[in-house]
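Each protein sequence line maps, in turn, to chains A, B, C, D, E, F, G and H. Residues in the first sequence are numbered consecutively from 1, following our numbering. Residues in the second sequence are numbered consecutively from 1001, following our numbering. Residues in the third sequence are numbered consecutively from 2001, following our numbering. Residues in the fourth sequence are numbered consecutively from 3001, following our numbering. Residues in the fifth sequence are numbered consecutively from 4001, following our numbering. Residues in the sixth sequence are numbered consecutively from 5001, following our numbering. Residues in the seventh sequence are numbered consecutively from 6001, following our numbering. Residues in the eighth sequence are numbered consecutively from 7001, following our numbering.
Honestly, the hints are just simulated from the structure, not real lab data. These numbers were taken from a predicted model, which means no experiment stands behind them. All residues carry an ideal CB built from backbone N, CA and C; glycine is no exception. Some hints here could point you the wrong way.
Claimed, not checked - When the alpha-carbon atoms are kept at most 25 Å apart in a straight line, the in silico SDA-like pairs for lysine to any residue are as follows:
#1 K2148(C) / R3056(D)
#2 K7020(H) / K5166(F)
#3 K166(A) / V152(A)
#4 K4023(E) / Q1157(B)
#5 K7016(H) / S5013(F)
#6 K2020(C) / D2093(C)
#7 K1164(B) / S4011(E)
#8 K3144(D) / G52(A)
#9 K5166(F) / E2029(C)
#10 K7020(H) / V7167(H)
#11 K162(A) / D1153(B)
#12 K1020(B) / D1153(B)
#13 K3023(D) / F3140(D)
As the list claims (entries may be wrong) - Each pair of labels, with its calculated beta carbon distance range:
#14 E2029(C) / V152(A): 42 to 48 Å
#15 E2027(C) / S7159(H): 54 to 60 Å
#16 Q3138(D) / R1048(B): 52 to 58 Å
#17 K2156(C) / K5164(F): 27 to 33 Å
#18 V2161(C) / G1052(B): 52 to 58 Å
There are 8 protein chains.
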Amino acid sequence: MQPKVSIIMGSVSDLKVMEKAAKVLDEFEIPFEMNALSAHRTPDEVERFARGAHSRGIRVIIAAAGMAAHLPGVVAAMTPVPVIGVPINASLDGVDALLAIVQMPPGIPVATVGIDGAHNAALLAVQMLSVGDDLLYQRFETFKKNLKLKIVDANKQLSEVKFKFKVN
Amino acid sequence: MQPKVSIIMGSVSDLKVMEKAAKVLDEFEIPFEMNALSAHRTPDEVERFARGAHSRGIRVIIAAAGMAAHLPGVVAAMTPVPVIGVPINASLDGVDALLAIVQMPPGIPVATVGIDGAHNAALLAVQMLSVGDDLLYQRFETFKKNLKLKIVDANKQLSEVKFKFKVN
Amino acid sequence: MQPKVSIIMGSVSDLKVMEKAAKVLDEFEIPFEMNALSAHRTPDEVERFARGAHSRGIRVIIAAAGMAAHLPGVVAAMTPVPVIGVPINASLDGVDALLAIVQMPPGIPVATVGIDGAHNAALLAVQMLSVGDDLLYQRFETFKKNLKLKIVDANKQLSEVKFKFKVN
Amino acid sequence: MQPKVSIIMGSVSDLKVMEKAAKVLDEFEIPFEMNALSAHRTPDEVERFARGAHSRGIRVIIAAAGMAAHLPGVVAAMTPVPVIGVPINASLDGVDALLAIVQMPPGIPVATVGIDGAHNAALLAVQMLSVGDDLLYQRFETFKKNLKLKIVDANKQLSEVKFKFKVN
Amino acid sequence: MQPKVSIIMGSVSDLKVMEKAAKVLDEFEIPFEMNALSAHRTPDEVERFARGAHSRGIRVIIAAAGMAAHLPGVVAAMTPVPVIGVPINASLDGVDALLAIVQMPPGIPVATVGIDGAHNAALLAVQMLSVGDDLLYQRFETFKKNLKLKIVDANKQLSEVKFKFKVN
Amino acid sequence: MQPKVSIIMGSVSDLKVMEKAAKVLDEFEIPFEMNALSAHRTPDEVERFARGAHSRGIRVIIAAAGMAAHLPGVVAAMTPVPVIGVPINASLDGVDALLAIVQMPPGIPVATVGIDGAHNAALLAVQMLSVGDDLLYQRFETFKKNLKLKIVDANKQLSEVKFKFKVN
Amino acid sequence: MQPKVSIIMGSVSDLKVMEKAAKVLDEFEIPFEMNALSAHRTPDEVERFARGAHSRGIRVIIAAAGMAAHLPGVVAAMTPVPVIGVPINASLDGVDALLAIVQMPPGIPVATVGIDGAHNAALLAVQMLSVGDDLLYQRFETFKKNLKLKIVDANKQLSEVKFKFKVN
Amino acid sequence: MQPKVSIIMGSVSDLKVMEKAAKVLDEFEIPFEMNALSAHRTPDEVERFARGAHSRGIRVIIAAAGMAAHLPGVVAAMTPVPVIGVPINASLDGVDALLAIVQMPPGIPVATVGIDGAHNAALLAVQMLSVGDDLLYQRFETFKKNLKLKIVDANKQLSEVKFKFKVN
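With the rest of the complex left out, here is chain A:
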């Protein structure tokens, strides 16, 4: 089984955020890999990874980083494979990571999701893969329809809250 999505992160401490991405990919039965890579500590590995990603079958890269978060942009510079950036809240509520990921110069986009947004990063990866995969598109369509179930549950709970002048 060859991985189609690669999740990379700078530190094991990012795992508690990024495992949400892994769960989503598992649910959609999309083969993936997880690696620790650092734009600053292992620039050579980053380059080798980025240069070889496409030929190894990787079609989407999810890159998580905190603080002066360079990993997503550096990888995006080295491969035509689309890169999804996840700003990790490691300082300043994650604002430094968000700006360091999203404000890329013309020519090298990074598809940025919200701070600690690993769950959404994986869904976006699924959406990208479904551009050329109608079956996956249909499965994602079904997933979206099920999103409302969370709201149905919420309404059940709200209906049990009692106030004198609450009507429903």
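We have chain A already, so just place chains B, C, D, E, F, G and H on it with the hints.
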């Protein structure tokens, strides 16, 4: 009993903030309803809710949302009923929600209150209802007069604080 | 003709923003007044204004202020009439005014609109008045339907933009 | 010719930013369409657009919006087609739009690019399309290689700058 | 004993910050009073307080407030007695209170200290009082000389920290 | 004539802001001096200035600085004379200067006014001097009463603005 | 043994951050000293320290400070020895300290590292010392090569995380 | 003549800021080079540059970048030569670039100067070079002494400003 105010929120986790709004409406004996709705997860329900609100007797809508808080603005786009927006602090101290609610484009105002300001949202709803209801206006007037009691209590407590050169 | 809405502002320099509110009220044929008042320079006048507003027929107050914008909150403290706050961009892109208006303590809400949002403030005033006025509600409903015309115009202009691979 | 990418924006004033996206798509010979749509002024049109996008052949949506920028998120809520969000600097240096686009709740990702980042949005669209299109992937690869030419030019200009102790 | 300094605050919850101010005044043997006052809940009391402060012997007012912190500015508008503003961190790390206190319009200054800076507020009050009181000036001068003792203590502690290559 | 107030600034470019302070002192007939001093370029002069200020008759110091604005705090550290800090907008809208002036550690207050708030700084200096000078206090009281004239003027101008439904 | 690097800080409470700097210097066997100094509480000591640093053999100064962090800039003003500034998070997530350290006016640079970045400050000191010391340069080169070990460890841990569709 | 300092920047548009650095190095007669390099457009060139810098005689690197400014950190990751980072104001007042440069993770410091601080970056380079060069140290010491001349000039200009109550 037909509800006059509708409190909507995206998630049950917002309830711990929004129940302060319910308490205020209860205190003013204004019939209300509470529903979970999500601009993103249940767009159809949101539309049905917004389109039908006025004919069901709803005169003010209180909409709470966090992060990229779209619910208040989306509902305001679909009904002439005034919408009060409550930014929920779910990330970035609530600054993202505040900006996503208050900075509406010309044509679609949302009456925004402070971050996690559910209590004030309900009072504002009472004020809006009292525009066409003199009796309610008088009750709100009385409520305002009683606000000073909290300060009277505070002064009692401060008077018990002892310092050598404190005179009162 | 007795005014129903009162537009107050701290300085004539705010007029270039606030005249957008006046235009909206004119369009809806709602009698209004405009006054300069300052929470800091004329506290007595502010109090006289706020205490007497309701008995003079004022049902909604629109208060604009910049910097450490106290006017909306101070007026809201002195009258049960609902107050709409307009943060004026006089420094710091208007962020100081926004926070000084929206972050009111429990008990005294100010219905805040966006920075320099005079147009929306007046629309919100119309919505508040329409809570007890079905005819006005219907006119506001019609106004909302017409909002889409701006988009129709925009699409006409966009249709004239030519690119080789642009289809529509 | 059926469009594959749809560029939507809330106002004609966004065109001066978004035409950079059109130029990129033209350069890559990808058929596209441009439409004005507003989450707030034309919610019905937005829904019709979003629901029908995929069956009309749209594979990527680029949505631009300023201020409390709801359009990208609202469209993303209504279609499984991936949505790229472009925060437009219409106020607060674009920070309000950035947060209102990127901070989406779990379940509905928006692939956010930098403020006024229309050029990068289109490149990201090309990358997404190339996930299932090897030929396009190769053309994008070539495009990336040419990015360095801008730097070669820059170095020529720098080499002409003369300082006494400047060596190159 | 007539108070010379008046410490006012909007809520008893501010006391845990403001008692640092009381301690400083006690140490300098300056008679003071402490009162709860709210620009929003007790505007009449605020006015009575401000108008009468000077004739009751008050020469400096220390006003603490959080969120949309209006109390210092409102009091400053009503009395020529100098007002020291203390922004209380009640939300947004105190940034809202800081801006709402310091960004006063021309004509009504508030002498603002740091967020939760009650200790410094009292020292500033002592400095203001010492403008017309040479004896107090000398005592403040002595106080300043003693500030270095804290650093002497710190150095003792640092000298006990052992590292192999630490020389002192 | 011995100066009572000293206005110091880091650069002649600050003069266009700080001359507003000079005008206020002139109006109140308070002898003052103006000097350029830099915490970074002339630390020795700063120390000499600060150490000798009181014995030369200086009772209040107004210190203006931009960017990493150290001058007010450094002077405050070296003299018991109260220091009023004016954050100059030289970068980042003046936010850097505001924080670098107002956020002083316990022991060394700086009485901070708003960004570019030279006018208010001088008024605050007058208020501080009036703590021990009843005549000056009365003149400041008169000044405050005249503040409302600006509002009277504003109202005249507003009364000339004509709208169909404007009543006053 | 004469110290080459001097670590200064305003308070013992900064030690828990700054001891990371000491550990790095120890590891590189660079003699150093640690002292408490305050730009505000001990300006004389600061001057004596700064003026004498070079002649005592100090070649790099690491200065830590929080809030309105003046120490690094004030020391940099008084000595040609390069100063590394460490913003300490004592309020506002350290943003106030960062701006007060990094935004120095032309003429007096402070080499600023990240918030609470004591570890990096010491590494930067090593790099500065190695400018004139080839042996130290080689040791730093070796240190950099070892940085990747942390990533190797991280990858080992990641390889143990099991998901159904995780390939590596 | 072999360059000792290398100034790198991502775009010719940065030259108008960075030529201030060149002027300083020229004044100190330090041989330098200027090159355009982009972490994103020419990652290979960046690597070649960084790996070879030391052996070509480069002892300090000055790297300027705007937006999601990765260049300084990426170069610092690839060479033990100290890197000075200059955040360029290309968007968001330069805050994005500042955070993307200064907030480096442990192990890879970048010596950050203020936004657009090219002048200070070059001075810092001179200071670093003078760590192992006593002659240069003395020249920098002289330079620092001359900084006060700017203040002397400023005072001359201030002495010509006339106010009735201005004493000096």
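Need the list of violated hint numbers for this structure, in ascending order. 2, 10, 11, 16 and 18
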